[in-house]
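Colleague: Protein chains in written order, with our numbering: chain A, 17 to 269; chain B, 62 to 498; chain C, 297 to 999.
No lab work stands behind these hints, which were simulated from the structure alone.
Treat the hints loosely; a few may be bogus.
What the hints assert, rightly or not - Restricting the straight-line Cα-Cα distance to at most 30 Å, the calculated cross-link-like pairs of lysine-lysine (DSS-like) are: (1) Lys493/B to Lys448/B; (2) Lys334/B to Lys366/C; (3) Lys414/B to Lys254/B; (4) Lys477/B to Lys393/B; (5) Lys377/B to Lys334/B; (6) Lys414/B to Lys393/B; (7) Lys308/B to Lys366/C; (8) Lys254/B to Lys477/B; (9) Lys156/B to Lys431/C; (10) Lys254/B to Lys937/C; (11) Lys219/B to Lys162/B; (12) Lys414/B to Lys156/B; (13) Lys414/B to Lys182/B; (14) Lys282/B to Lys414/B; (15) Lys182/B to Lys937/C; (16) Lys431/C to Lys937/C; (17) Lys182/B to Lys156/B; (18) Lys377/B to Lys493/B; (19) Lys254/B to Lys431/C; (20) Lys162/B to Lys393/B; (21) Lys431/C to Lys393/B; (22) Lys254/B to Lys334/B; (23) Lys162/B to Lys431/C; (24) Lys334/B to Lys937/C; (25) Lys182/B to Lys219/B; (26) Lys448/B to Lys377/B; (27) Lys393/B to Lys377/B.
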Amino acid sequence: MTALLEAVGITKVYDGMAALTDVSIEVDTAELVALIGPNGAGKTTLFDCLSGVQRADAGIVRLEGREIEGLAPHERARMGIARTFQRIELFTGMTVRDHLLVADRAVRRSGGLLRDLTGRAKPDAGERERCDEVLELVGLADDADRPAHALSLGRGRVVELARALMCRPRLLFLDEPSSGLDRTETAEMAGVLERVMEQGATAILLCEHDVPFVERLASRTYVLDCGRRIAAGPTRDVLADPDVRAAYLGQGV
Amino acid sequence: MLAVALGATTVTACGNDWGTAPEDQGSPTTADSNTATTSGEVVAVDAPGVTDTEIRVGGVASVTNPLGGHYGDSFDGVQAYFDMVNAEGGVHGRKLVLAAKRDDKLASNKAEVDALLSVDKVFAVLPVATLLFTGADRLVRDQVPTFGWTINPEWEAKDGYPAYNMFGQSGSFLCFDCGTPTLPWLMEQAGAKRAGVLAYAVPQSADCADGVRASFDEYGKSTGTELVFVDKSLSYGPSDLSVQVSKMKDAKVDFVTTCMDTNGVVTLAKEMKKQGLDAVQSLPNAYDHQFLEEFGDLFEGSYVRTDFAQFEVEDKPEGLQLYLDKMEEAGKEPSENSMAGWLNAELFVEGLKAAGPDFSRAKLIDAINEMTDFNAGGAIDPVDWTKAHDQRKSDTRFCQFLSRIEDSTFVPVFSKPGKPFVCAVVTPDGVKTEYSA
Amino acid sequence: MTAAAAVQPVLAAGAVGDFFEYAVRGIPFGCVYALLAVGLVLNYKTSGVFNLAFAAQAYASAAVFYVVRKEHEWALVPAALLSIVVVGAALGFLLDYALYRHQRTASPLAKLVTSLGLLVAMPEMVKLALGPGVKANPPPLWTVRRTDDFLWRVGGSRFVLDAGQIATVLATVFVVIGLTLLFRRTALGLQMRAVVESPRLLRLQGVDTDRVAVVSWILSSMLAALVGVLLAPLFAQLTSLDFFTLLVAAIAACVVGNLTSISGAFLGGLALGILQAELAGFLPTDSVVANGLRPSLPFVVLFALLLIRQSVRSARTVTDPLAGVDPPPDPPPADIRPAWMTTATRAFAVVVIVAGFALCAWVFDDYWVGLIAAGVCLAVVMLSIVLTTGVGGTISLCQCTFAAIGALATAQLTQHDVPVLVAMVGGAAVAAAVGAVLGFPVIRLPGIYAALATLAFALFFEGVLINLSWVSGGDTPLRVPRPTVLGTSFLADRPFLVLAAAVFAVAGVAVIALREGTTGRFLDAVRTSDTAASSVGINPARTRLVVFVLGAGLAGLGGGLVASFSGQANYSQSFTFFIGLVWLVLVITAGSRSVQAAIISGISFFVFPALLDRLFTWPVNFVDTNPGAPPWLLDIMGFFKPEWAQGVAFVLFGLGALTYAKHPEGIIAAQTSASIRRTVRFVERRRPAATSPSNGLDLEAPA
C-alpha cells in the first residue's frame with residue numbers, strides 16, 4: 017500500500033542559498049507525524065512546497081501515489097490537503113462561522129456568481145450542519161458568530177484549524193499550532209488535535225517547537241536542520257538521538 | 062449570449078429616439094400676420110428670451126477647464142458690440158442683454174447649453190468658444206440661432222446633420238483634410254520649394270496633415286513646390302523633435318507647417334534654431350500677442366493667417382476700427398477671442414435687423430442664411446451664408462489675411478489699401494494672386 | 297557629450313551611422329525620463345508611496361519659480377532657492393507630517409490613493425493661490441531668458457545642446473551619482489531604505505524612524521521641485537497636466553529598475569529616450585506601426601515589462617523580517633444591526649429615494665435635473681469602481697476606458713439600427729470581453745503593479761486606440777439616440793432619469809448580492825492573503841478575474857448609458873483618463889464598497905461644481921445689483937470669483953481622498969455606521985429590556 021503522502025528528494029534554492037536539500041518524507045493515513053528543527057531549518061519552506069505555495073526546484077510529491085507537483089495550492093486543497101499558518105492568516109472582517117462556510121463552499125465549489133445573483137447565498141441545511149459539526153468538534157460553538165479577529169490568538173489558531181477541517185482534509189499540515197499560546201491554550205489545542213485524530217479520517221503533519229506537545233501527540237518525528245533531514249523515526253527514539261539533541265535540543269529548549 | 066437572447070426579446074419593444082427636430086419651432090404665426098410694422102415701434106414677439114424691452118442671449122465658453130482653454134475673452138467682444146448697439150437704441154426697440162456667461166468647466170458643456178435654454182431661457186446662444194461642444198446637438202435639434210468660434214467639428218452642417226442654425230465668425234465650413242492652394246501659393250510667394258509638415262497622431266491634427274498633403278498633391282506642380290517630409294505620428298504632450306528636424310535638414314526643407322498646439326510649435330522652433338534649419342514657418346493658430354511677446358524671436362519671418370483683418374493693418378477697415386475703439390472704451394485688450402465674439406455679435410444683430418420687427422428664431426436663421434456678403438464692415442472677407450454651412454466659400458478663390466513676424470510684431474503682408482485680404486485663385490494657368498476687400 | 301564626438305566619424309556609415317545618430321539624439325530627452333523616474337523611485341524606495349502626485353509637486357515648485365522669477369523678476373539664485381529648497385522642503389515636510397506619517401503601516405494601495413487625491417487637488421490649489429492665468433514661457437534654471445538663448449555646439453558636429461538640455465543632463469548625472477552614493481555609502485541612506493522595509497527593526501536599533509522618514513520626504517520633494525523647475529521650459533505654457541503626461545511615461549523606466557533601483561530607473565529612462573528616437577528615425581513616418589507604436593511607446597513598454605518580468609511577479613513576498621510580530625490591523629467594527637434598525641434604515645432609504653424623485657419631478661428645474669440625470673448615469677460607472685476596487689480589491693485606473701469602450705460600442709451598434717437599450721448590453725459585453733483579455737494577465741500582478749498595468753492600458757487607449765476612426769468614429773463623435781420602450785420615449789431628461797435610476801438600482805442590487813454573498817466572502821479571503829485563501833480551495837486568480845470582468849462590463853453598461861444621455865459617445869468629453877482619476881478618487885473617498893457612495897459620488901461629480909459655481913457667483917451678482925451697498929461689503933463680496941468653482945470642487949474631491957487612510961471604508965460608510973451605532977445605542981438605552989439578536993452578516997442571518 018502506498019503512503020498517503022510521499023515526498024522524495026525535495027530541494028529548494030533561494031538566491032543561491034539552499035533552503036531545502038534532498039528532503040524526503042512520508043505520512044500514512046490517519047497518523048500524526050511531527051517535523052521539528054531549529055528556526056530557519058526549512059520547515060515552513062517544506063510546508064510551502066508540499067502545499068503548492070512554492071514550487072520545489074527538484075523532487076517529487078505524491079498524494080496516494082498520484083504525482084501532484086505542478087498543481088496550484090487551491091487544487092491541492094480540493095484534493096484534500098489543508099493547512100494552517102505559523103503567522104496566523106484569518107480572513108479580515110469575517111465571523112468564525114463565515115470562515116467555515118467559505119472553506120466549505122470553496123472546497124465543494126458550491127458557491128458562485130449565479131448562486132449570489134439568484135439570492136441563494138444564505139447557507140442551506142447541509143452547510144449549517146457541517147459547520148456546526150466542526151464547531152462542536154473544536155469547541156468553538158460559543159464563539160461561532162463573533163468576528164474572528166476579536167478572538168484571542170489561541171482561539172484564532174483554533175479557528176484556522178476549524179477552517180482547515182472544513183475542507184474534509186485527508187492530510188492536514190499544521191505550522192506551529194502552539195506558537196504564541198500559553199500553557200492552558202496549548203493543552204486545549206492538543207486536546208482538539210487528539211479529538212481530530214480519534215475520528216480517523218485525517219492524517220496530520222505537525223511542525224512544532226514545543227517538545228512535550230510533540231511527545232504527547234506524534235507517533236513519528238522528522239528532524240530538519242539547515243534544510244537537511246538529519247533524523248527520522250518514532251518520536252521517542254528521535255528525541256533521544258544525540259545528534260538531534262546537539263542540533264536542536266542543545267540550544268536550550 | 063445574454064446580449065443575443067435579450068436582444069431577441071426586446072428588439073420588437075425597444076426603439077431609438079434620435080430626437081428629430083420638432084416642426085414649426087416657435088414661429089409667432091398670430092403676431093406675424095396682423096401687425097403692420099414701422100421701424101422703431103415695438104412689435105409684440107412671442108419668442109423665448111424676448112420681452113418688450115429686452116432680447117436676452119447667453120453664451121458658453123471654456124474658462125476654467127483644467128484641461129486648458131482660456132476663451133473667456135469672447136464674452137468681452139459680444140458685450141462691447143451690444144453696448145454699442147444699445148447706446149444707439151438697441152434693435153427693434155429692445156436692448157440686447159448678454160444674460161448668461163456660462164463656463165463649461167471640465168465635462169459639462171451639454172449641461173451648460175441645456176441651462177441656457179431651460180434656465181436662462183435665452184433667445185439665441187452667443188458666444189460659444191469651447192474646447193468641446195457636446196451641447197451642439199441640442200441646439201441643432203431645437204434650431205436655436207447659435208454664434209461662436211468654429212473650432213469644433215459640430216459647427217459644420219453635414220449629411221444628416223442640419224446645422225444651418227450654427228454661425229461661425231467667418232463661415233461654418235470646416236474641412237481638415239481638404240486640400241487648398243493656400244500653402245503652395247504662399248510658398249511660391251515666399252520663394253520656398255520644399256515643405257515639411259508635423260502633426261500629432263490624433264484625428265484633427267492628423268487630418269490636417271492629410272489636408273496639407275492633398276494640397277501639395279493638387280497644387281504642388283503648378284506652384285513649383287513639393288512636400289518632402291511628413292510626420293503625423295507625434296505623441297501629444299511634451300516630446301523631442303531632434304530626429305525629425307535633422308531629417309528635415311537632410312531633406313533640405315525650407316518651409317515648415319504644423320498641425321500642433323503652441324507647445325509643439327515652440328518645441329519645433331527651438332529645435333530648428335538649435336540645428337540651424339533655416340526654414341519659413343506657416344503658423345495656423347498664432348495670432349496671439351502674448352505668444353509673440355514670449356517667442357517672437359523664434360519665429361522671425363514666419364507667416365500667420367487669420368480670417369479677419371489683423372489689428373496691425375495700416376488702412377483699417379471700418380469694422381475693425383470700430384472693434385478696436387470699443388475695446389479701448391471698455392478697457393479690454395483686443396484679442397483673437399474677443400474679435401470672434403464681436404463678429405458673432407455683429408452677425409446676430411445684422412440678422413435680427415434683416416429678420417424684421419416681428420422676428421423669431423426661425424426668421425433670424427433664415428435671414429442670415431439669405432445674406433450673400435456679410436463682411437462685418439470689412440473686418441472679414443465676405444461670407445456667403447447661402448452656402449457657408451456645408452461647403453467652402455469657393456472652389457477657386459481662397460482668401461485670408463496674412464502677416465509676417467518681424468521683430469516680434471505682426472507685420473501685415475500681401476494687403477493693399479482698401480483690400481486687406483489676399484486670395485490664392487486657381488486658374489488653368491496656375492495659382493494667381495488677387496486682393497479682396 | 298563625449299560620446300557624441302566619438303560617434304561622429306561613423307555617422308557616414310549608412311544605417312549604422314543613423315542608428316548611432318538617433319541614439320545620441322535620444323539621450324537628452326532620455327535624461328528627462330530618467331530624472332523623473334529616479335525621483336519616483338527615490339520616493340517609493342524611501343516612503344513606500346508610489347507617488348503619482350510627484351508631478352503635482354513638480355508643478356507647484358515650477359509655478360512658484362515662474363511667479364517669483366518672471367512676474368517679480370527675482371534673481372536666479374534666490375528664486376531657485378525659494379522654489380526648490382524652501383517650497384520643496386516645506387512641501388515634503390508637510391506631506392510627511394500631515395499625511396504619510398499616519399499611513400506608515402497602511403497598504404501600498406492606500407498610499408497610492410492618497411497620492412492620487414493629491415494629484416487632483418494640488419494643481420488646483422496652486423492655481424487658486426497663484427492665479428489661474430496662462431503662464432507662458434516658463435523661465436529656465438539658467439541665467440538666460442529662454443533655454444535656446446544659450447546653445448552649445450558639440451565639437452563642430454551636428455549635435456547642439458541648449459541650456460535646458462545641458463542642465464537636465466548634468467542634473468540627471470549628479471542626482472544619480474549622489475543618490476547612489478547616499479544609498480550605498482551612508483548610514484542615512486541605509487536607514488531611509490530600512491524605514492520602509494521594517495520600521496520596527498530600525499526602532500529596535502535606537503533609530504528615530506520619524507526623523508528618517510521626514511528627511512526622506514524632504515529629499516524626494518526637493519527632487520520633485522528641482523525636476524519641476526528644470527523641466528518647465530520644455531513647455532510653452534506651464535500646465536500641471538503636461539508634467540503628469542511626462543511622469544506616466546517615466547513609469548516604464550521605474551519598472552525597469554523594479555521600482556527600487558536608482559540606476560535601473562536611470563538606464564530605463566535613457567533607453568526609453570533612445571528607443572523613441574530610433575523609432576522616429578527608422579519607422580516609415582506614415583505607417584500604421586508608426587502611428588500606433590510611437591505615441592504609445594512608454595505604455596507599451598510599461599505593459600510589456602510588467603507582463604514579462606518574473607521579478608515583478610514574485611514581488612508579493614513579505615520583505616519585513618518582523619512582519620510576523622506585527623499585530624493584525626484593527627478589524628473594522630462589525631455592524632451590530634438589530635432587525636428593527638435594518639427596517640428603519642431601509643425605510644429611510646425609501647424616503648430618500650422617493651423624496652429625490654419628487655424633487656426632480658416637481659421642484660428642481662431642467663438644469664439641475666439634467667445634472668442629476670447625468671450623475672445617475674455616471675453612478676453606474678462609479679458602481680463598477682465599487683465592484684472592481686472596493687469589493688474586488690484590484691485598483692483599476694482604467695474603468696473610464698471600459699466605460700468608453702461600452703459607449704463607443706453602443707454608438708457603433710446604434711448606427712446599425714440596433715435598439716439603444718440592446719446596444720448598451722452589447723456595449724457592456726464588449727467591455728467585459730476586453731476586460732477579460734486585459735484582466736487575465738493583470739490580476740496576477742501584485743497590487744501596485746496591477747494598478748500600473750491598468751494605467752498603461754488606459755493611456756494606451758487614450759494615446760492610440762481612440763485615434764483610430766473605427767474605434768472612435770473619426771473627428772465628429774458618434775451620435776447615440778435615447779431609447780423608446782413600448783412606445784414610451786425617454787427623450788426628455790426626467791424620464792431618462794427614471795430609466796437610469798432603474799438601471800442603477802438593478803446593478804446596485806446585483807453588486808450588493810455579490811458583495812454579501814459567497815463571491816464577496818471569497819474576495820475578502822483573497823484580499824487578506826492569497827495563500828490563506830488558496831489553502832481552503834479558493835482559486836485567487838479566477839475569483840479576482842471574474843469580478844474584474846464583471847466590473848469592466850458594468851463600466852461598459854454605464855458608459856453606454858452616459859453616451860445615450862449625452863446623445864453621443866464623446867471620449868474627450870466624458871471618459872478621459874484624467875476624468876477617470878477624479879472618479880476613482882471620488883468613489884474611494886465616499887466609500888469604495890458602498891452602493892450609496894457610487895450614486896452620491898456620481899451625482900456630486902456634476903452637481904457639486906455647479907453648486908459651488910452658484911455659491912461664488914452670488915456675491916458677484918450682489919455687487920452688480922447693489923451698487924449702493926457699503927463699500928466694505930462690496931469689497932468682501934468682490935473678493936469671491938465664480939471661476940473658483942471648478943478649482944475648489946477639485947480641491948475638495950482630491951482632499952477627500954486623504955481621509956482614505958483613516959476611513960478605508962469611505963466617508964459615507966463611516967458616517968453611516970457611526971450614525972447607526974449612535975441610533976442603536978440611543979434606542980437600546982431607552983429600552984434596556986429589549987434584546988437584540990446580533991446577526992451582523994447576512995450570510996448566516998436566519999431567513
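Colleague: Each hint: holds or not?
Modeller: Here is what the structure says about each hint:
1. With a CA separation close to 24 Å, the supplied pair Lys493/B and Lys448/B stays within the 30 Å bound.
2. As the CA atoms of Lys334/B and Lys366/C are separated by approximately 23 Å, the hinted pair is consistent with the 30 Å bound.
3. For the suggested pair Lys414/B and Lys254/B, the alpha carbons sit about 49 Å apart, so the restraint of at most 30 Å is broken.
4. Restraint check for Lys477/B and Lys393/B: satisfied, since their Cα atoms lie roughly 29 Å apart, inside the 30 Å limit.
5. A distance of roughly 34 Å separates the Cα atoms of Lys377/B and Lys334/B; the hinted pair therefore is violated under the 30 Å criterion.
6. This hinted pair checks out: Lys414/B and Lys393/B have alpha carbons roughly 27 Å apart, not beyond 30 Å.
7. With a C-alpha separation of about 35 Å, the suggested pairing of Lys308/B with Lys366/C is violated against the 30 Å cut-off.
8. Distance hint between Lys254/B and Lys477/B is fulfilled; the C-alpha atoms sit about 26 Å from each other, no more than 30 Å.
9. Between the alpha carbons of Lys156/B and Lys431/C the distance comes to roughly 38 Å, so the proposed pair goes past 30 Å and is violated.
10. Of the supplied pair hints, the one linking Lys254/B and Lys937/C is violated, its CA atoms being roughly 52 Å apart against a limit of 30 Å.
11. Taking the CA atoms of Lys219/B and Lys162/B, the gap is about 29 Å. The hint holds against a cut of 30 Å.
12. Among the hinted pairs, Lys414/B with Lys156/B is consistent with the structure: their alpha-carbon atoms are about 13 Å apart, no more than 30 Å.
13. Restraint check for Lys414/B and Lys182/B: the C-alpha separation of about 21 Å stays at or below 30 Å, so the hint holds.
14. For the hint pairing Lys282/B with Lys414/B, the CA-to-CA distance comes to about 47 Å; that exceeds 30 Å, so the pair is violated.
15. Restraint check for Lys182/B and Lys937/C: satisfied, since their Cα atoms lie roughly 24 Å apart, inside the 30 Å limit.
16. With a C-alpha separation of about 20 Å, the suggested pair Lys431/C and Lys937/C falls inside the 30 Å cut-off, and the hint holds.
17. Proposed proximity of Lys182/B and Lys156/B is supported: the alpha carbons are some 16 Å apart, at most 30 Å.
18. A hinted pair counts as satisfied when its Cα atoms are at most 30 Å apart, and Lys377/B with Lys493/B qualifies at roughly 25 Å.
19. Distance check on the hinted pair: Lys254/B and Lys431/C sit about 37 Å apart at the alpha-carbon level, beyond 30 Å; violated.
20. About 17 Å separates the Cα atoms of Lys162/B and Lys393/B, which keeps this hinted pair within 30 Å; it holds.
21. Proposed proximity of Lys431/C and Lys393/B is supported: the alpha carbons are some 19 Å apart, at most 30 Å.
22. Between Lys254/B and Lys334/B the CA atoms are separated by roughly 20 Å; this keeps the pair inside 30 Å, and the hint holds.
23. At most 30 Å may separate the alpha-carbon atoms for a hinted pair to count; Lys162/B and Lys431/C meet this at roughly 24 Å.
24. At roughly 42 Å between alpha-carbon atoms, Lys334/B and Lys937/C are farther apart than 30 Å, so this suggested pair is violated.
25. Of the pairs offered as hints, the one joining Lys182/B and Lys219/B holds, with about 28 Å between alpha carbons and a cut-off of 30 Å not exceeded.
26. At roughly 28 Å between alpha-carbon atoms, Lys448/B and Lys377/B fall within 30 Å of each other, so this suggested pair holds.
27. A threshold of 30 Å between alpha carbons decides the hint, and for Lys393/B with Lys377/B the separation of about 19 Å falls inside it, so the pair holds.
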